[in-house]
Amino acid sequence: MDSQIALLLAQDGVVNGAIYALLALALVLVFAVTRVIFIPQGEFVAYGALTLAAFQAGKTPGTVWLLLGAGVLVALIDTVMAVRTGSLNRLKRIVLWDLVLPVAVAGLVLWLEPAGLPLMVQVALSLAVVVPLGPMIYRLAYQPLAEASVLVLLIVSVAVHLALVGLGLLFFGAEGSRTTPFSEAQFALGTLTVNGQTLWVLGASAVLIVALYAFFGRTLYGKALRATAINRVGARLMGISTTMAGRLSFTLAAGIGALSGILIAPITTVYYDTGFLVGLKGFVAAIIAGLVSYPLAAAGAILVGLLEAFSSFWASAFKEVIVFTLIIPVLVWRSLTAHHVEEEE
Amino acid sequence: MKQRIPLLLFLALIGVGPAVLPEFHVTLLNYIGLYSIVALGLVLLTGVGGLTSFGQAAFVGLGAYATGYLTTAHAVSPWLTLLAGLAVTAAVALVLGVLTLRLSGHYLPLGTIAWGISLYFLFGNLEFLGGHTGLTGIPVLELFGWKLDTGREFYYLIWLVLLGAVLATQNLLDSREGRAIRALKGGGLMAEAMGVDTARVKIVIFLIAALFACVSGWLYAHLQRFVNPTPFGLAIGIEYLFMAVVGGAAHVWGALVGAGVITVLKQWLQDLLPKIFGQSGNFEVIFFGVLLVLVLQRAREGIWPWLRRLVPLRSAQRHVAAAEPLPARQMPAPGTVLLEVKGARKAFGGLVANNDMNLSVKAGEVMALIGPNGAGKSTMFNCISGVDPVTAGEIRFLGERVDALASRQIARRGMGRTFQHVRLLPTMSVLENVALGAHLRGAKGVLSSSLHLERAEEARHLAEAKRQLERVGLGGHLFEEAGSLPLGQQRILEIARALAADPCLLLLDEPAAGLRYLEKQALAELLRRLRAQGMGILLVEHDMDFVMGLADRVVVMEFGEKIAEGLPEEVQKDPVVLEAYLGGVE
Amino acid sequence: MTAPILEIRDLCVSYGKVEALHHINLKVEAGKIVTVIGPNGAGKTTLLSAIMGLLPSKGEIEFQGEVQRDIEVEHLVAMGMTLVPEKRALFGEMSVEDNLLLGAFQRYRHGARDQAQTMAQVFATFPRLKERRSQLAGTLSGGERQMLAVGRALMAKPKLLMLDEPSLGLAPLIVREIFHIIADLKQTGVAILLVEQNARAALQIADTGYVLETGSVALEGDSRQLADDPRVVETYLGLGGIRY
Numbered sequence: 001m002d003s004q005i006a007l008l009l010a011q012d013g014v015v016n017g018a019i020y021a022l023l024a025l026a027l028v029l030v031f032a033v034t035r036v037i038f039i040p041q042g043e044f045v046a047y048g049a050l051t052l053a054a055f056q057a058g059k060t061p062g063t064v065w066l067l068l069g070a071g072v073l074v075a076l077i078d079t080v081m082a083v084r085t086g087s088l089n090r091l092k093r094i095v096l097w098d099l100v101l102p103v104a105v106a107g108l109v110l111w112l113e114p115a116g117l118p119l120m121v122q123v124a125l126s127l128a129v130v131v132p133l134g135p136m137i138y139r140l141a142y143q144p145l146a147e148a149s150v151l152v153l154l155i156v157s158v159a160v161h162l163a164l165v166g167l168g169l170l171f172f173g174a175e176g177s178r179t180t181p182f183s184e185a186q187f188a189l190g191t192l193t194v195n196g197q198t199l200w201v202l203g204a205s206a207v208l209i210v211a212l213y214a215f216f217g218r219t220l221y222g223k224a225l226r227a228t229a230i231n232r233v234g235a236r237l238m239g240i241s242t243t244m245a246g247r248l249s250f251t252l253a254a255g256i257g258a259l260s261g262i263l264i265a266p267i268t269t270v271y272y273d274t275g276f277l278v279g280l281k282g283f284v285a286a287i288i289a290g291l292v293s294y295p296l297a298a299a300g301a302i303l304v305g306l307l308e309a310f311s312s313f314w315a316s317a318f319k320e321v322i323v324f325t326l327i328i329p330v331l332v333w334r335s336l337t338a339h340h341v342e343e344e345e
Numbered sequence: 001m002k003q004r005i006p007l008l009l010f011l012a013l014i015g016v017g018p019a020v021l022p023e024f025h026v027t028l029l030n031y032i033g034l035y036s037i038v039a040l041g042l043v044l045l046t047g048v049g050g051l052t053s054f055g056q057a058a059f060v061g062l063g064a065y066a067t068g069y070l071t072t073a074h075a076v077s078p079w080l081t082l083l084a085g086l087a088v089t090a091a092v093a094l095v096l097g098v099l100t101l102r103l104s105g106h107y108l109p110l111g112t113i114a115w116g117i118s119l120y121f122l123f124g125n126l127e128f129l130g131g132h133t134g135l136t137g138i139p140v141l142e143l144f145g146w147k148l149d150t151g152r153e154f155y156y157l158i159w160l161v162l163l164g165a166v167l168a169t170q171n172l173l174d175s176r177e178g179r180a181i182r183a184l185k186g187g188g189l190m191a192e193a194m195g196v197d198t199a200r201v202k203i204v205i206f207l208i209a210a211l212f213a214c215v216s217g218w219l220y221a222h223l224q225r226f227v228n229p230t231p232f233g234l235a236i237g238i239e240y241l242f243m244a245v246v247g248g249a250a251h252v253w254g255a256l257v258g259a260g261v262i263t264v265l266k267q268w269l270q271d272l273l274p275k276i277f278g279q280s281g282n283f284e285v286i287f288f289g290v291l292l293v294l295v296l297q298r299a300r301e302g303i304w305p306w307l308r309r310l311v312p313l314r315s316a317q318r319h320v321a322a323a324e325p326l327p328a329r330q331m332p333a334p335g336t337v338l339l340e341v342k343g344a345r346k347a348f349g350g351l352v353a354n355n356d357m358n359l360s361v362k363a364g365e366v367m368a369l370i371g372p373n374g375a376g377k378s379t380m381f382n383c384i385s386g387v388d389p390v391t392a393g394e395i396r397f398l399g400e401r402v403d404a405l406a407s408r409q410i411a412r413r414g415m416g417r418t419f420q421h422v423r424l425l426p427t428m429s430v431l432e433n434v435a436l437g438a439h440l441r442g443a444k445g446v447l448s449s450s451l452h453l454e455r456a457e458e459a460r461h462l463a464e465a466k467r468q469l470e471r472v473g474l475g476g477h478l479f480e481e482a483g484s485l486p487l488g489q490q491r492i493l494e495i496a497r498a499l500a501a502d503p504c505l506l507l508l509d510e511p512a513a514g515l516r517y518l519e520k521q522a523l524a525e526l527l528r529r530l531r532a533q534g535m536g537i538l539l540v541e542h543d544m545d546f547v548m549g550l551a552d553r554v555v556v557m558e559f560g561e562k563i564a565e566g567l568p569e570e571v572q573k574d575p576v577v578l579e580a581y582l583g584g585v586e
Numbered sequence: 001m002t003a004p005i006l007e008i009r010d011l012c013v014s015y016g017k018v019e020a021l022h023h024i025n026l027k028v029e030a031g032k033i034v035t036v037i038g039p040n041g042a043g044k045t046t047l048l049s050a051i052m053g054l055l056p057s058k059g060e061i062e063f064q065g066e067v068q069r070d071i072e073v074e075h076l077v078a079m080g081m082t083l084v085p086e087k088r089a090l091f092g093e094m095s096v097e098d099n100l101l102l103g104a105f106q107r108y109r110h111g112a113r114d115q116a117q118t119m120a121q122v123f124a125t126f127p128r129l130k131e132r133r134s135q136l137a138g139t140l141s142g143g144e145r146q147m148l149a150v151g152r153a154l155m156a157k158p159k160l161l162m163l164d165e166p167s168l169g170l171a172p173l174i175v176r177e178i179f180h181i182i183a184d185l186k187q188t189g190v191a192i193l194l195v196e197q198n199a200r201a202a203l204q205i206a207d208t209g210y211v212l213e214t215g216s217v218a219l220e221g222d223s224r225q226l227a228d229d230p231r232v233v234e235t236y237l238g239l240g241g242i243r244y
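Residue numbers (the working numbering), protein chains in the order written: chain F, 1 to 345; chain S, 1 to 586; chain C, 1 to 244.
Possibly wrong hints are sitting among the right ones.
Stated by the list, open to error - One-sided excerpt, in silico: chain F residues whose CB lies under 7 Å from chain C:
{"hint": "1", "residue": "L73"}
{"hint": "2", "residue": "L127"}
{"hint": "3", "residue": "A224"}
{"hint": "4", "residue": "N231"}
Hints are computed from structural coordinates only; laboratory data are not their basis.
Please read these numbers as outputs of a predicted model, since none were measured by experiment.
The C-beta atom is built at its ideal place from N, Cα and C for all residues, glycine as well.
Bound-form chain F, shown alone:
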């Protein structure tokens, strides 16, 4: 391997690593706030990418119907609950978020014919379709089990993941798609050629990380999420509802997932089940961080990206094996540094 190839691989690794970093951040966030290990994160990656691809191909993606269906279901369940407990003042919110919003988005998609629109509008529409699915899934699958153990929530996550992969196959078929790059530009950096899309990925990741940092450090809702992560009971006693925190963190995670998918879709072909492996690599990074530290998760993600890039050069057939066995030394290190057996409270 000469330095040229090494540089190329490093570039690949960093780009993928940036995506893994975003996903790892979302996973750490969701786990800290809700104790949910968010396996379906990867499906949001695929849904984001494939929804955009469907728009570009002039098709109506199935995710639009999923959004409508999930919205109606959530609205139905919440209305029944609201009536049963006599809190009818919630109806307005339910109708607005679970019925009006999905219908408006679906209407917009069907009316606009996104294929001919500028890329940024297509991206915005894709996000508008996919992101609301996050809080809806939280409502349907996790909220009734908010007090359950991490283990039960993990099993739910796996179940949701399976259901979403199946739906992905139904919506998008078994064929993969690529989308048009955000930028066709190419830059020479010494001997290395850097694609415009690469810069987009890195730039968008950096912007998103800074935005998240500001959100958690400066806004009341950001602080409320952190408070929930630190002390759930304390947060509830301040009137910060676990449900609100759960929905908000799932919205963020869905947004990060969908955006990650949209960013990589021009670089790699995305299939309905691609997201899972991508998401799991975010996971390896998050586990490196012990599911708690954001900076460590980001650093771990870059490490995973680089490892993947270089192992695909040396032993491409064993790329996945190498990346996922990385978890073993990480666990060794974690178990050596863990000072005691953690007690469930």
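Once you have looked at the hints, place chains S and C on chain F.
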């Protein structure tokens, strides 16, 4: 006998199955049997032990590929390859278990996801395992010259193995080792205090689950006579977990029900869904995903408990056979110093919870540790009993330094304890909860438990538990669920559990809290009797009447330090103590 | 006689199959301090948790004249009920100021100025917190933590403040300070439900008191009278046999 009818009926149906059923149904039953073996391991691991794995399919793969490779490439006898497969599986499971089980609960499942994926890709990419096409030409199993070359013949082997595994698992759960496994769900703290090595128990059940999966893989390979990576992927690993959860993860028979339901459903959905959707694909996973979420939300116990209500099976044991008492400890002579705490200090980060604590307890005396809430009494208890080691200072028990020992090692040396917040296994019977306390007085392991070769020892344990319950006055509640007792009696139950370990020193953390007046009197009477028998008792208590009427000596703590020590009458008059306890506003 | 701000009738709480609180009746009037005393394990914390909606319960809880059907913590906080739990439940890795800010979470619609005013009031009550405003809550001393916990609860401008063992683990001097502050808070019109093990201190500042024993109300009445009641003196003011 009447209660065994449903079981006999089931066995009879299984027995005549191949003789009357069409080929397709026999095949289906074969698969249900194979899957049940794997799901059974998950029942032990997940439903009973509270751990889980998504990577069981990979262990199935190890069993299948071990025999596939060795029989085809090296012509090894299939019976030897079973042993080889088990050895490989055990090694892998041991490594994975040791690595993840010390960490909090979710690292094991996450580790198994990663490992499940790695192994799947490894099977598919290794040249000598045939890559993605796999291995063909795996030989037929032969048993004393009888060739198992059709599904109908193989059927009996599968179901014999399965029923054997069911029986062994049931036996195991109904034993001393089984109680230790069931205690995992009550939190490691209590189990360790009863002398259970929880890390070992976790690894043991993870190993058993992996070995069951491996056996299933070995059977699968010889039934199919070829293997490829597909049935060992993560998706199938997840499906195994579904089977256990849907069937009823806490129940041995739940594994069979779950495997049956999921297998039949899958078959049916795979026919139906592509017709509905007009395209082919694994759409049944959508259905399974939703089903599992609903089961967890609505009926977390799964199908089996519901089914069981329809078919009343053998009900729980209702009597305790007389048995020879367990060997008892030679009690130290009254007045011997049992416990000595010197200069103990405990800090949590910068917060000092105990500072320079000194106290001692002798055989045949009741020492009371009192002080306002938050004074550091429970912290002191945890230091003494090895739950949370001291930062500095020394603790001696029967003359031996114990401050660096784990709580189960201290328990073995004869120190029993109760907890401020009652730690019982609420759905287990009162009797078995107390029998758990005698854990350290048994020696029979997992194997003899599975085969029920330890019945004599088990009878002695149960008899001991009964004796201790009678001693504390709970003899009338042996077979009730521990969680249904009033809180005060649950505290008394904890004392019986501690006594079952045959200790010479008892640490009681607020035993009288929540008791009514008469119950308190009975408790005081019990403690007096124990004292008279030479037991040393260290007591944390808030009820002053109770303490003052019972204790021989009193140590008063405030802000983590000892502020007074002496006879009850002396302490009661000590102005420092009065200030600490009564310090008003003005 | 003012209208009760909180009235609970026939409240029962169970853990699994075991009932921990039996048919509790209790009343807190506006602007009064009511204390619930009793030995450990009597169910004091359980009572507060049930009122706050942290635990499911049976019976009726009427807050500000409204029977609460759907008891949800967040809703009760918005209505003006706050609880300072026994463990304080601070956000240790966040600054004192952020902790206070989150105390006013349900009042975010009132805007930044309202928030600043409330915080100024809290700082006036607890000058120590102002000094430490940018420090992490986890680095505070025991007394300061308790002050922050109370200050954070006051940020919600509660009508009813419930305190669970505010004296727990604090030095006598600090306990005295905290109790003085609680007595002063009464002047601002907030009703206080105080759960304490330090019975004498609690009865000194309270208007009425309830004695809880094994999940039931054993005694209730005017706090002065309770403090003199020989049964209370003997059982709960401790050190049986000592008369004072």
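**Report entry** When the least beta-carbon distance from L127/F to chain C is tested against 7 Å, hint result
**Finding:** Not OK, violated: L127/F not within 7 Å of chain C, min 26 Å.
Query - Interface hint for A224/F, Cβ within 7 Å of any Cβ on chain C - result: For A224/F, the interface hint holds, since the closest Cβ of chain C sits about 6 Å away, which is under 7 Å.
Query raised in the report: Hey, does the N231/F contact hint survive, CB to chain C under 7 Å?
Result: Interface hint status for N231/F: holds (5 Å vs cutoff 7 Å).
Query raised in the report: Does the interface hint hold: is L73/F within less than 7 Å of chain C, judged Cβ to Cβ?
Result: Since the shortest Cβ distance to chain C is 22 Å, the answer is violated.
In terms of the numbered hints stated before, the structure departs from hints 1 and 2, listed from lowest to highest.
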